[in-house]
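**Student:** Please take these sequences and the hints and turn them into a complete structure.
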Amino acid sequence: MRVATWNVNSVKQRMPRLLEWLDERQPDVVCLQETKLADDAFRSLLDAELTDRGYETALYGEVQWNGVALLSKVGLEDVVTGIAGAPGFPNPEARAVAATCGGIRIHSLYVPNGRTPDSDHYQYKLAWLAALKDVVAAGPAEAIVCGDMNIAPADADVFDPAAYVGSTHVTVPERQALTDLMSTGLHDVVRDRWPNERVFSYWDYRAGMFHQDLGMRIDLMLASDPVADRVKAAWVDRKARKGTGPSDHAPVIVDLDTAPDGDIGPVVPPPSAPRGGRKRTTKLPQNR
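When the letters of the sequence shown are read in order and numbered with the UniProt record's numbering, they come out as residues 1 to 288.
No wet-lab data here; the hints were simulated from the structure.
Incorrect hints may appear among the rest.
[Stated by the list, open to error] Below 30 Å or equal to it, Euclidean Cα-Cα: the simulated DSS-like pairs (lysine-lysine) are:
1. K12 x K73
2. K232 x K133
3. K242 x K232
4. K133 x K73
5. K73 x K232
6. K239 x K12
7. K12 x K242
8. K133 x K242
9. K73 x K242
**Tutor:** Below you can see the structure in the form of structure tokens.
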């Protein structure tokens, strides 16, 4: 079974690329984030195309912002939207949908950004993650928790730690919240498979960040013990970030039991000329 997660940054804007990617990679389960469409609009736009490709859909969207989806060829049971006990900002936001697909409980997540460490949105992010931990801890044993987590787990997951000082995504409380979530028995399967490789999943649109491979790894695939034991390949599909009109995120793909493309990771295709971020600090575009 092939499971993928992808922050598409507007499914309407990414529709042609999404459909081409589905045809090329043939994932069995797809978790989407930042769909930015209400459920009726999503269905009107994509239902026919997805049905023709054999997908059932579970949606939790809203107009203009946020939005998550699950697409599955292997069943879609016990769908739950939202996170029980999670706060809103101030109202609940469309950031989580879960379902059982092929016997695995799969969560598609768009974790709050946090904005700045001194903001109310940062506290909201931490409280939201604490509620997520409780949901995941309640089971079942076979689970995948994935999506745009808006946290780089370690300094190795950003191109230059010095560039992110004072920013969200790398602070100690955020990383501790991720560690607490993973303490429920989850494994970061991409990092486990490629412990020493340069692996990013997000590159800012500005300042040529993608072409220089100045990115972050914030799109994660976390799997429970029984599922992690089945992983045969785990990789970032960098090809989907290339070309005209891409999302600023690339899909993360995990193959269970068999690997149709072989163990080809960690990043496909690899960057041609990455710039070494540690040699001299690069300011983030928003801080220039």
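**Student:** Determine which of the earlier numbered hints do not hold for this structure and return their numbers in increasing order.
**Tutor:** Going through the list in order, the structure violates hint 8 alone and respects the others.
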